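Protein chains: 4
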Amino acid sequence: MNGKKLHCGIIGAGRIGRVHAETLAFRLPESQLLAIADLNREAAQAVAARCNIPKVAASPTEIIADPEIDAVLICSPTATHVDLIVQAAQAGKHIFCEKPIAFSLQKIDDALAAVNTAGVLLQIGFNRRFDANFVRVRQAVASGEIGVPNLLHIVSRDPAPPPLSYIRSSGGIFLDMTIHDFDMARFLVGDEVEEIYTAGGVMVDPAIGEAGDLDTALVVLRFRNGVIGTIDNSRKAVYGYDQRVEVFGSKGKIATENVYPNQATISTCKSVSTDLPLNFFMERYTESFVLELQAFIQAVIEQRPTPVSGMDGRIPVVMALAARKSFDEHRPVRLEEISA
Amino acid sequence: MNGKKLHCGIIGAGRIGRVHAETLAFRLPESQLLAIADLNREAAQAVAARCNIPKVAASPTEIIADPEIDAVLICSPTATHVDLIVQAAQAGKHIFCEKPIAFSLQKIDDALAAVNTAGVLLQIGFNRRFDANFVRVRQAVASGEIGVPNLLHIVSRDPAPPPLSYIRSSGGIFLDMTIHDFDMARFLVGDEVEEIYTAGGVMVDPAIGEAGDLDTALVVLRFRNGVIGTIDNSRKAVYGYDQRVEVFGSKGKIATENVYPNQATISTCKSVSTDLPLNFFMERYTESFVLELQAFIQAVIEQRPTPVSGMDGRIPVVMALAARKSFDEHRPVRLEEISA
Amino acid sequence: MNGKKLHCGIIGAGRIGRVHAETLAFRLPESQLLAIADLNREAAQAVAARCNIPKVAASPTEIIADPEIDAVLICSPTATHVDLIVQAAQAGKHIFCEKPIAFSLQKIDDALAAVNTAGVLLQIGFNRRFDANFVRVRQAVASGEIGVPNLLHIVSRDPAPPPLSYIRSSGGIFLDMTIHDFDMARFLVGDEVEEIYTAGGVMVDPAIGEAGDLDTALVVLRFRNGVIGTIDNSRKAVYGYDQRVEVFGSKGKIATENVYPNQATISTCKSVSTDLPLNFFMERYTESFVLELQAFIQAVIEQRPTPVSGMDGRIPVVMALAARKSFDEHRPVRLEEISA
Amino acid sequence: MNGKKLHCGIIGAGRIGRVHAETLAFRLPESQLLAIADLNREAAQAVAARCNIPKVAASPTEIIADPEIDAVLICSPTATHVDLIVQAAQAGKHIFCEKPIAFSLQKIDDALAAVNTAGVLLQIGFNRRFDANFVRVRQAVASGEIGVPNLLHIVSRDPAPPPLSYIRSSGGIFLDMTIHDFDMARFLVGDEVEEIYTAGGVMVDPAIGEAGDLDTALVVLRFRNGVIGTIDNSRKAVYGYDQRVEVFGSKGKIATENVYPNQATISTCKSVSTDLPLNFFMERYTESFVLELQAFIQAVIEQRPTPVSGMDGRIPVVMALAARKSFDEHRPVRLEEISA
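These protein sequence lines map, in sequence, to chains A, B, C and D.
Read in the working numbering, the first sequence has 88 at position 88, and its numbers run on one by one without any break.
Read in the working numbering, the second sequence has 285 at position 285, and its numbers run on one by one without any break.
Read in the working numbering, the third sequence has 111 at position 111, and its numbers run on one by one without any break.
Read in the working numbering, the fourth sequence has 24 at position 24, and its numbers run on one by one without any break.
Because the hints were derived from the structure by calculation, they are not lab data.
Wrong hints could be hidden among the right ones.
Note that identical chains are pooled: a pair holds if it fits in a single copy or bridges any two copies.
Only pairs whose alpha carbons sit at most 25 Å apart, straight line, appear in this in silico SDA-like list of lysine to any residue [unchecked claim]:
1. 251 to 202
2. 251 to 205
3. 251 to 164
4. 55 to 280
5. 251 to 7
6. 270 to 258
7. 55 to 170
8. 325 to 27
9. 55 to 67
Keep in mind it's a predicted model, so treat the numbers as computed, not measured.
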């Protein structure tokens, strides 16, 4: 490693790239951001200016080749992830990569093989694992506070669907949206899913259906340890971003509520009400973005496994493929049916 | 009808029979309770004494034959329901019958045919429809307050499993426990289910599994109108009776919380806590037992349809049979596959 | 006593008289209601018909003189309380009397002396002591669950002011409305107040001010044991009946919320809301009216002290007089300054 | 001003100085931190290293004299505030000063006069005005959402008393702790208090009483516009930092709850509970420290009045003196009785 601070480069200056750049620049003094690259050079320059990044690289390759850089953050579109992971691994860089690694298991396996061969560290951007609510739920399960878990429920509804153009290239709701919940399910229960059953439909916008996707889904998970879970997804919750989980076990349950911009309740002659919950994942999960990078940097500095491994990136993709297959074939699908 | 008050007889002086007797005696002045019968004559006498019922009948038949009686409440074991319904209908009595009507669709159809032929009124004891929480949710759906419904969740967990002896003769969790939730699902959504998928297991007590039953179940409902619903059942929630629903729609969601014995919150150096929710269905649903009888009596007095018809009693049994079939065959089952 | 059931007579067939009549008739089998009287004979007849009371007495005196009657419930206007208490005591009847006993301490003392001389039992109608929320708070204080109490807050706001005609004869806000809170303060803390400071104003309706009364008040209580308390009163809370308390102590706090008609929360694009709290004291305190009478009847049957004694009726009147004096003289007033 | 970024110097590298340094360094790119000074040079150096501050000044005077510096943040002990304000004003620096300005009105007036003469901007560090909860309450009052305000309640309890050494030099509870609540009261109601009545005691630790101070206080405020308010202070709430307000008005009420580290609820066989609220003002008010500095910097850059003026710093001191006088003299005290 280059000195006491971890030297980082960022590939991708879009929304999430900017968030990570700001985190590294302003919140994590144990890191130093040396370079950023983006096909949209202006975007990269804007982030560099805001975050005091000394270099705007001409290409991802330039960042990956920079001997001063210890770790790269891959925040570019999904289709580029695997190539960049392979290059970065071969260059001996530690890697933080946004989810999903890829839509194809074969490509994911290529990436993981390269990481494995190179012996570098890889962390996947499942930031929600670092959210205070879900950390607390995991802790309750892991510590036995609620006994042996029996049932899990995840509600994960977006405030509004993304543009159709995005949906068309998103890989579908399961790879784009539910994938976070698949990861959450594994994280909270601490075990693997072996079978998935999916019910779903097009209830928000017929155009999403015409694009071959669903906008509403109910996924049932059966874990190896017997736990039964559900994931409830909708592309449109008019009241805002709805992100809740509940785990029920032999000694109790733990359930989380949404996060609100304030803790005020207003009583009038019409109702007792609060303002709407936080509406946007960037606000709702702000702190988790900081914590996931902090964990990555710590893992690299201390040379120990990252908290969200390459396999943690692969398995939710398998689950997404199984969920879609279940929907298409209208039957429960075992994960072992899905192969690279 | 005999005079201005509705004259009633009760068959069965067990737990629910006693509740209904007290309701008629002390809460509903528009009714008058003339007789009660139970195989356990002492039980019938005790209820009669407490509720000022003038006659302890020697048998159900004596009640059904009594010309002074306008309506009978059938609160005896499930196995006796159909015969009593048929007898009562033939005698021209209006009938309030506890759920389920029977475990066999053929027998249910016999009962409904007798009721239909006789032209008497029949109400099934799905009391939860009269609970203030669920009434409020139904109102939100029916009025369009939350738009077009998309997703429904019912959590219905008992504080503790019944004795094994009860479980063995209960017809199984779907006919004994989930049946209330099947009714609730239809009531809240206002439409019919066409397909059911069941996941479940034995997580509470292996002895329940040895008795051929489940103690934990997750049932997925697909309604004709596209709504997807889940029912979450457990025989054992250590924190008490857990009865919640949520309906999510195009304009919002409505969700209910459990009912608590008080509205106090205690903050100490360890936690911020409340007492446990009401632990027992008799406490939790007290008021609904009054309101269902009031609705029955009103329907009879005004000679209009009861709010929970014979078909409302039949369909949840079909759903229970489909749920079990789905579990056994490990696939989604359409309700039309279930026949008498 | 006359037989195993307590024989009661009710004086006053107004709102609260009717509530008590229904309670005795339908909820408390250990009592029997023999007679009712009211200047408005029609009102008495209506209640008698509804509650199966065999006799409508021509006057309170007729009830008090009835040898079959063990106990009388005095539900007539405040101005009549003392005379009726004295008469009933002299006739050897046990007495349940609505609050306040009287507006004059001298008259109250006359009543208490008569009760004392006769050796009959007297209970004052401070029903809120029997409300599940306040019982829970008292229990937390008495058991030491929140340690030594330091601070107490009572919020007690009515949904709307009573008619001006009522206000003019009410004795003023402190004797009419705050008196319940004075009792609650003593009940919750379990100690006596020694000094009162009052701030207040006319914020709801100028006509109330013109009638010489306040409609908004903030009363500070200093207890002998050092606890400092506040009472917050308003005649008009547009969102409904607002009845909350909080006790803060060395080991924690306990606070109660309002009571709602249902436990549903509705989320829309505008807000997350619930329906308004119960709006009327009859709904909010329904169960407490039953429990206070049950306690009275039990006390009489078992010949032990009632839970709300004559002194419990006198002290809040002293407090009300002190509160008014504090407001008039704009200074803290010690209760010992108030004499009969 | 020096260039497009506001150049700042910080005087005081204690707890709050460090917080402000980090905010300027990492959260507010519109500012640049040039120098820091502290009697404890090591402390200053540590903050400088962490926050990339180029200079550790030998004394406050060196910072005030630095022509590159536009604004100084005074985070040193209260006793030094006035001298530093006067010096800084005379040097033409804009000033952010922690609360309270001073314990003596005469000295405060000297400071304000110097600021006034110099024409510089001054902001006092009442950070809670920038907390999302209290901003929301103020907005509800200012917009008329709850109508004309009638009653105000502020609960402000610390998790544990500070060391006795601190208490001895703190100026007493009213100048040290309640002063925040006096500011909050004025901010929320948007009007001035004209009279104060104080009840209080020593309930937490007798040593605090021996030091001549109170540890528990209940302050009643009467505003010019008729609003009546209370402030409830305790030095020790075992369940954590308790910071709530409620405003009740002619069209409703708005009330805030505490802030929690997560939104999880755990139900077990003993209780339904949550973790404790945030325990420390630094966690509870984190965001408000950022927002107050942002507002200060914006005001300076745009040369418009700061949101918390010098008079906003003076008036709470008057209120604190009145509160203490009321406690000592056991009577309501008008603010006009307090003079410099």
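Homo-oligomer pair classification [residue 164, residue 251; C-alpha up to 25 Å]
Cα proximity of residue 251 and residue 164: across copies only (21 Å, versus 45 Å in one copy).
If the cut is 25 Å between Cα atoms, do residue 251 and residue 202 qualify within a copy, between copies, both or neither?
between (38 Å within a copy, 16 Å between copies)
If the cut is 25 Å between Cα atoms, do residue 325 and residue 27 qualify within a copy, between copies, both or neither?
Result: close neither inside a copy nor across copies, 42 Å intra and 46 Å inter.
Evaluate residue 251 and residue 205 at a C-alpha cut-off of 25 Å and name the case that applies: within, between, both or neither.
between (41 Å within a copy, 14 Å between copies)
Copy assignment of residue 55 with residue 170, given that the CA separation must stay at most 25 Å
Neither: 31 Å inside a copy, 50 Å across copies.
Is it within a copy, between copies, both, or neither that the alpha carbon of residue 55 lies no farther than 25 Å from that of residue 67?
within (14 Å within a copy, 32 Å between copies)
When no copy is specified for residue 55 and residue 280, does a C-alpha distance of 25 Å or less occur within a copy, between copies, both, or neither?
neither (31 Å within a copy, 40 Å between copies)
Indicate which option fits the pair residue 270, residue 258 if close means a Cα-Cα distance not exceeding 25 Å: within, between, both or neither.
Answer is both: 23 Å inside a copy and 16 Å across each meet the 25 Å cutoff.
Have a look at residue 251 and residue 7 and pick one of within, between, both or neither, based on CA distance no larger than 25 Å.
Close neither inside one copy (46 Å) nor across copies (48 Å); limit 25 Å.
Going through the hint list in order, the structure does not satisfy hints 4, 5, 7, 8.
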